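Given only the sequences and the hints, what does the whole structure look like? Please build it.
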Amino acid sequence: MNINAVIRLMSLLSLWMRTGEGQIFQPELTPNTFLARITSNTVMLKQPYCVFDQTCPDCEIWLVAGLCSANAIFDAQVNSSTPNILSLSPYPTAFNSSSNNFFLTRVGLLSDFPCNQSSNDQYFVVGADGKCSGINCNGELPDGFSVCFKYLLIYTNETLVNSSNWSVNIDLPKLLNLHNINDGLSARSGAMVVITSILCAAVALLLLLFFIMLCITCCTKKESKEISVTNSIRIPRYDTHDLKNRVHPYDNPAYQSDFKNYSTANTLPKDVTQKL
Amino acid sequence: MGAGALTCLMFVVIALNAIAAAAGLALFAVAIWVAVDGYKLYPISGVSGKDDIFAAAWIAIFTGFAFFLTCIYGIFAALKRSRGFMMVYLIIMFIIFLFECASAITAATNRDYLVGNSNLVKKQMLQYFADSSTQGKQITQTWNRVMEQVECCGADGPSDWIQYNSTFKQMFGSTYIWPLSCCKRLSTFEVEDKEGCMVGKASTIFPKGCFQHIESVLSRYTWAVSWYGFSVLMLVFFTLVIAMIYYMQLE
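Going down the list, the protein sequences come from chains A and B.
Numbering that gives the first Met the number 0 numbers the first residue of the first sequence as 0 and each following residue consecutively.
Numbering that gives the first Met the number 0 numbers the first residue of the second sequence as 0 and each following residue consecutively.
Careful, some of the hints might be misleading.
[What the hints assert, rightly or not] Straight-line alpha carbon distances no greater than 35 angstroms define the calculated DSBU-like cross-link-like pairs of lysine-lysine that follow: (1) A:K221 - B:K183; (2) A:K45 - B:K79; (3) A:K173 - B:K200.
[To be verified] Now the in silico label distances, taken between C-beta atoms and shown as ranges: (4) A:T92 - B:K193: 50 to 56 angstroms; (5) A:R187 - B:I18: 30 to 36 angstroms; (6) A:N115 - B:E189: 52 to 58 angstroms; (7) A:L213 - B:F237: 15 to 21 angstroms; (8) A:L204 - B:D36: 32 to 38 angstroms; (9) B:A28 - A:D170: 55 to 61 angstroms.
[What the hints assert, rightly or not] Okay, the calculated bits of chain A under chain B, using three or more residues with CB under 8 angstroms as the criterion: (10) 24 to 38; (11) 64 to 70; (12) 123 to 130; (13) 165 to 177; (14) 201 to 211.
Keep in mind that the hints were calculated from the coordinates and are not lab data.
Given the structure is predicted, the values throughout are model-derived calculations rather than measurements.
Think of the CB as a built atom: it goes at the ideal place given N, C-alpha and C, for glycine as much as any other residue.
Dropping the structure here:
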């Protein structure tokens, strides 16, 4: 019992020490929180330090990138057609409907990634070449799918020396169509409602008051309509009887004493001035 | 109404008209400030066809000056104690009141269409940025200026460029994820860290979105025209009610 526990502990310790050295046997996402770590067409992986511990001076590290559903297809094809690995699935036709759904692209020389220089600041962008046309170019991935990666250690004469495990599934987000953005009215703000309602009420009230004012002024005008009298009316003086040189019967004798105050010689009738 | 009370009412009418004339002149000045568009954000509303905030500002220029002139005429009409003059004054003021109402309501309503949420601005940016049409050039110029001066990227953030398909992605997607205007720059205007900016390293790119700035500027224009116009209209409403009472007491 004790020996079993010790063995178990030792194996766990050795495993821990192994991973403690940084030896991860599969491609991994870069641990930095870059904004473009996973876009709909590209993925940023850690550079392959400490993946393969072989010492192989002319070996190159290649990456298999493809849909996770094609993992088994790749593994089967690798086992069956070993000499032509690199041209198994050229990039331009890789993701067509009847194709293999993976492609291979070169990462770098094995000697460029020694274990003691491992750094998390370095990254490798899968899909950096965009829509390229080379057989093994680093073309972009299809959006909306789950993609998986695998490292291959290839010798110069295109023979496979070693291959890592498959990475975990990485889900690429689907690229959204900008025409689907709904840019209609979102909501009416409170300010707009307040301004509109109060101003409409104010206009209506003003109109109402205006008409009330007009009614009141027109009504009061009709009630108190007075005949306006001009200051003096000129009436021609008609003598119906022949009264020349005699006292005029239409003059009021009561005011004759005041004639000097109010009249001149021109305006008085002729017979009164003769009396004076 | 006694002669003393009528004189008092006349002075009230004159004082209110003087204040309304000053307020109308200030409305004229504020509306000119909006129409001049010092923040140079007109293309965002112009290209979308929803530029009624600026149309309302133009109306407010005319109504503000018209208020000024008519209120001065109103002072003259009140001094003359003439019913005819006061009636003309009331009718003209009412017409200008209607136009200014239209201006205030238009500005407030149109603002909701433009910047109620970031969708319209974002869609326009994705569609027209880096486009070669005249609208595209205007939008590109405007957005580059905003992103560089306000230190922001995209409408809600740099992720707008990643999540959506865009004209920019069609044209430059293989090299650039987002425009270089999103990157932090040195005082010599060179990009601080181009490689870091391209992958979205947090210290080399502007993480916040530009929508907040655009929304605040357009809201500022709108509130200048509509809320200040509203307050001038409330003052004019009060003035007109007093003027109507004065009219009834004349003769």
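In rising order, the numbers of the hints this structure does not comply with: Hints 1, 2, 4, 6 and 11 not satisfied by this model.
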